[in-house]
Amino acid sequence: MNFELTEEQRMIQESVERFVNENYELDNRIALSAKDPGFSTEYWQTMAELGWLGLPFSEADGGFGGNQIDIMVVMEQFGRGLVLEPYLASVVMGGGAVRRGGSEALKQEILPGVIDGTKQLAFAYAEQQSRFDLDDVVTSARKDGENVVINGHKSMVLNAETADHIVVSARTSGGQVDQNGITMFLIDADADGVKRENFPTVDGLRASEITLTDVTVAADRVLSEVDQGFALLQSVANDAMLALGAEAVGAMEMLYKDTVAYTQEREQFDHAISEFQVVQHRMVDMFMEYEQCKSLLYRATMEAVSDPVAAQRTIHGLMHLVGKNGIFIGENAVQLHGGMGMTEELRLGHYFKRMLVIDSMFGNADYHLQKFAA
Amino acid sequence: MDIELSSEDLAFRGEVKQFFKDNEIKAGEDYFAWRFGWFAKAREKGGWDVPKWPVEFGGPGWSPTQHYIWEQETAEANTPFDLPFGLSMLAPILMGYGNKEQQDRFLPDIRDRKVNWCQGYSEPGAGSDLANLKTKAELSEDGTYYTVNGSKMWTTVAHMADWIFCLTRTDDSGIKQKGITFLLFPMKQEGVEVRPIITLGGSHTVNTVHFTDVKVPVENRVGEEGQGWTYAKGLLQHERTGLAGLSRSIVALEKLKENARSVVRGNSNLMDDPGYKAKVAELEIDLMASEFTELRSLASAAAGAAPGPESSILKLKGTEIQQRIQMLTVEAGGIYSAAWGAKPVGPSFARGGMAGYLSSRAYTIYGGASEVQRDVIAKNVLGLKRSK
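Those sequence lines, one after another, are chains Z and H. Count the first sequence with our numbering and you get residues 1 to 374, in order. Count the second sequence with our numbering and you get residues 1 to 388, in order.
Any given hint might turn out to be false.
Stated by the list, open to error - Selected chain H positions facing chain Z (Cβ under 10 Å, derived; list incomplete):
1) 122
2) 125
3) 197
4) 202
5) 268
6) 270
7) 279
8) 281
9) 340
10) 355
11) 359
12) 361
13) 375
Unchecked claim - Label pairs and their in silico Cβ distance ranges:
14) Z:197 with H:26: 30 to 40 Å
15) H:190 with Z:292: 23 to 33 Å
16) Z:17 with H:190: 49 to 59 Å
17) H:82 with Z:188: 50 to 60 Å
18) H:258 with Z:140: 26 to 36 Å
19) H:75 with Z:216: 53 to 63 Å
Stated by the list, open to error - Which chain H residues face chain Z? A few, computed with CB under 8 Å, are given here:
20) 150
21) 153
22) 154
23) 242
24) 245
25) 264
26) 272
27) 324
28) 337
29) 341
30) 345
31) 362
32) 367
Derived by calculation from the structure, the hints in this document are not laboratory data. If you're wondering where the values come from, they're calculated on a predicted model, not measured in any experiment. Glycine included, C-beta positions come from ideal geometry on N, C-alpha and C.
Please model the complete structure; the sequences and the hints are all you need to start from.
Below is the structure:
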């Protein structure tokens, strides 16, 4: 056992940290988020040039052969800056699906563009009725000669607005919640029959509701095997949850540190409010819960690298703790900032909103607790 | 002890229900015309437009039970919106400490909902520690007017208010609670500048208000110079009780269950989910207890006791209950609670659910933060020495 990052990982960490410090002042983030495309294409290019977009891809695919630990290092820093660029959607999720499930030809077609930043991917796993259940899929795909025709509706698809291709889960056989019978497809975002309704999310990112009407894709656009796509779907979701966990840990660190700093400046009753024991103990709790999340993040991430199957339960545990503690830390950061915590002017509110969205994406704290206990 | 309502109380409930039913807004009716008409009719019922005002100022003189019935029915019925600032916060101060001229000048317009008031209490450096306020009022040499300079913060609806009741500092030589003076003045005048504060839910209800050489005639001073803290303090207890919002929470809880039932899970719905159901049940139990804490407090008030520290219990419990209802609404929204912006996405309650949850985080901050309410109980009820 060893908790040290490698020399390379430390360099990436420092480089991402520097990038965030130099580029992610709150005012700049708000401005980027408000205007199209909702992030900086210039930053995206920088991320490509620095090699971050290629991290999880094998050297054969043109990447750097990294794993979940490398992604963790990047995402934790992104969480500290509330980075807007579609790293999770394009590199971790969309890229993860193609990397794990695509044919050689498909990988060669898609991945170089993902790695050099010229192509973006999105990952459409949720549906109107599915809530947090990945296996609840009613979007249908039926064979039509050499092609497949897809019909249905995908919900809350992160960064679909700017994506060139979208990975979609669809049902090729079985009942609504059967894991067998789910197939993953790569579709073109501007294909006939793909309709995107784009909107912002509460944390300043972008998502889309996607309607698929007789969308025709060639049979070689299947990722993994027909009817056997659930394992791929779950693997990508696991990578995404680990990445979100890392991002959340970065955001929690900012929330508790900002609160510790603010309470030492804010005076009421002729004392800095940090001198009141009730305030001190609350911040100690915030700090402890942050550390606990970080520990479970390390545990889940290292398990995912060494034994992905066994890691499943730990990942649910992580997402339970991250959801619960993230909201605990966020709510108390607001509370201890008083009225100032309620404004859009300080960054803590923005971190808090990100924590709420993270809790809503692949299941909230309750959902993961039930999965863990199952 | 007896939980049954008397036949008089039941008759009263029927009368209230009937009144609300008879005066519902009709399709196509102008909202503001209806609103003024509604209050006029409530007045004809014998002070129903000002339920909490004392009889000598035109109030109905209800028993605690009647107030409770009114609260319950109001929460469920579609009654016109009302703001508490003039009606529930300033009016009792004018009744208690204002002179006859001030009562005659200001109370009728408050009662008729003609003049909107805002409350100038909090400042950048005076939140929980309200007595730390610095907005300065200087009496002119001839003693006819004050000149006000300084800033107020978190001033709710200041951008829509006609007048402000304002705590100002006229003397900073002694302890903080002394030297505070209670002034009334118009908002729409030179030297008063209102700037919006946009809060986490994306809405604009609070503001900063800056005063530059605002002249206030001495006849707009309520009570004596330097005694404003005494006048304002007693009323904070009333504000706290009002902020508990229990009857609204009862209605909101039913709405929450309805929303959760609309979230289909297999052959059942979210209200059948064991974890979710347990949280809703826990909430309901706390709400049932709080309702009776409020009634006990009303009963002792009716027996002549001043509003006591139970107002702090109610503020604490009531605001936490409201926040939990909002959080459970966010949980019911699932993936859709993240959706934002103007377009509706997902179930109809999801967008408002997240906005409501974010706004609700202020409930445990304003009107005396929860930490301060606990201090009040520790000191005034448990008799503990102030801790650091």
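Comparing the hints with the structure gives:
1. At about 7 Å, the closest approach between the beta carbon of residue 122 (chain H) and any beta carbon in chain Z falls short of 10 Å, and the interface hint on this residue holds.
2. Hint status for residue 125 (chain H): holds, given a least beta-carbon distance of 7 Å to chain Z, under 10 Å.
3. The beta carbon of residue 197 (chain H) comes within 6 Å of a beta carbon in chain Z, closer than 10 Å, and the hint placing it at the interface holds.
4. Here the hint on residue 202 (chain H) is kept, as its CB sits about 8 Å from the closest CB of chain Z, short of 10 Å.
5. Restraint check, residue 268 (chain H) versus chain Z: the minimum CB separation of about 13 Å is more than 10 Å; hint violated.
6. Annotation: residue 270 (chain H) was flagged as interfacial toward chain Z, and the flag holds, the nearest CB pair being 8 Å apart, inside 10 Å.
7. Of the supplied interface hints, the one on residue 279 (chain H) holds, with its beta-carbon coming within about 8 Å of a beta-carbon of chain Z, less than 10 Å.
8. For the restraint placing residue 281 (chain H) at the interface with chain Z, the shortest Cβ-Cβ distance is roughly 14 Å, beyond the 10 Å limit, so the hint is violated.
9. For residue 340 (chain H), the interface hint holds, since its Cβ comes within 10 Å of a Cβ in chain Z; the closest pair sits about 4 Å apart.
10. Because the smallest distance between the Cβ of residue 355 (chain H) and any Cβ of chain Z comes to about 8 Å, under 10 Å, the interface hint for this residue holds.
11. Hint on residue 359 (chain H) holds. Least Cβ distance to chain Z is approximately 8 Å, under the 10 Å limit.
12. Interface hint at residue 361 (chain H): satisfied, since its Cβ lies 5 Å from the closest Cβ of chain Z, which is below the 10 Å cut-off.
13. A distance limit of 10 Å between C-beta atoms decides the matter here; for residue 375 (chain H) the minimum to chain Z is near 8 Å, and the interface restraint holds.
14. Between residue 197 (chain Z) and residue 26 (chain H) the beta carbons are some 36 Å apart, a value that agrees with the proposed interval 30 to 40 Å.
15. Taken as a hint, the range 23 to 33 Å is violated for the pair residue 190 (chain H) and residue 292 (chain Z), whose Cβ atoms sit roughly 56 Å apart.
16. Under the hint 49 to 59 Å, the C-beta atoms of residue 17 (chain Z) and residue 190 (chain H), about 50 Å apart, fit the expected range.
17. Between residue 82 (chain H) and residue 188 (chain Z) the C-beta distance comes to about 56 Å, which sits within the given range of 50 to 60 Å.
18. Look at residue 258 (chain H) against residue 140 (chain Z): about 31 Å separates their beta carbons, and that is inside 26 to 36 Å.
19. Remark: the range hint 53 to 63 Å for residue 75 (chain H) to residue 216 (chain Z) is upheld by a beta-carbon distance near 54 Å.
20. With a cut of 8 Å, the hint placing residue 150 (chain H) at the interface with chain Z is violated, because the nearest CB-to-CB distance is about 17 Å.
21. At about 7 Å, the closest approach between the beta carbon of residue 153 (chain H) and any beta carbon in chain Z falls short of 8 Å, and the interface hint on this residue holds.
22. A distance limit of 8 Å between C-beta atoms decides the matter here; for residue 154 (chain H) the minimum to chain Z is near 5 Å, and the interface restraint holds.
23. Among the interface hints, the one on residue 242 (chain H) is violated; its C-beta lies about 19 Å from the nearest C-beta in chain Z, farther than the 8 Å criterion.
24. Taken as an interface hint, residue 245 (chain H) does not check out: its beta carbon lies about 18 Å from the nearest beta carbon of chain Z, beyond 8 Å.
25. Interface hint at residue 264 (chain H): satisfied, since its Cβ lies 6 Å from the closest Cβ of chain Z, which is below the 8 Å cut-off.
26. A cut of 8 Å between beta carbons decides the hint on residue 272 (chain H): the least distance to chain Z is about 13 Å, and the hint is violated.
27. About 11 Å separates the beta-carbon of residue 324 (chain H) from the nearest beta-carbon of chain Z, more than 8 Å, and the hint is not met.
28. A hinted interface residue such as residue 337 (chain H) counts as satisfied when its beta carbon comes closer than 8 Å to some beta carbon of chain Z; here the least separation is about 5 Å, so the hint holds.
29. With its C-beta approaching chain Z no nearer than about 5 Å, residue 341 (chain H) sits inside the 8 Å limit, and its interface hint holds.
30. With a cut of 8 Å, the hint placing residue 345 (chain H) at the interface with chain Z holds, because the nearest CB-to-CB distance is about 6 Å.
31. With its C-beta approaching chain Z no nearer than about 5 Å, residue 362 (chain H) sits inside the 8 Å limit, and its interface hint holds.
32. Nearest Cβ of chain Z to the Cβ of residue 367 (chain H): about 11 Å, over the 8 Å cut. The hint is violated.
Hint compliance for this structure: hints 5, 8, 15, 20, 23, 24, 26, 27, 32 are not met, and every other hint is.
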